Amino acid sequence: MMLKPKRLREALLARVPDLQNHPERLTLSLEQGRVVCTPAASLSFEYQYPLRITVSDAGDDRDALVVSLLLWLRENQPDLMTTAARRENGMVFSSSVNGDFSLVIPLTERVLVSESDGALSVTHLPEPAVPEAMSRPWQLYINHQLVSEWPAV
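The sequence shown runs 58 to 210 under our numbering.
Each pair of labels, with its calculated beta carbon distance range: (1) Y198 / R131: 28 to 36 Å; (2) M138 / L87: 19 to 27 Å; (3) D174 / R119: 51 to 59 Å.
Don't read these hints as lab results, they were simulated from the structure.
Computed from a predicted model, the values in this text were never measured in an experiment.
Yeah, the Cβ is synthetic: ideal placement off N, Cα and C, and Gly gets one too.
Kindly generate the complete structure, drawing on both the sequences and the hints.
This is the structure:
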């Protein structure tokens, strides 16, 4: 069972004021996905799927929806922000003349399958943590000698 669509729906309903009053306007649909695995000893795998998020009669909620989605993605699918190719091609949207607004985002979910005493156990793994930006200056040392220093970006 994919966990991210349910969690994303909960986050959007909590953060977009008009959707709190009209949750029926928000639909999420999982489009054709893939199960990606290797011939490793473990049966661990990854779900990969595009998720369509549609808000009917979105009106002025588009910005609130996108910002709320970005907040959620930062924690739950950070590669859409940290990888250049994913940033440029990862999220697509469409809008209709009647005010419907849709976004399609590629999601992944890692699933660990472990074996113990002849029994298989399945665990959905969280996203790897994104390194926090450092606020102190960065320094470059060569042979224990400081050769350059610059502020963290």
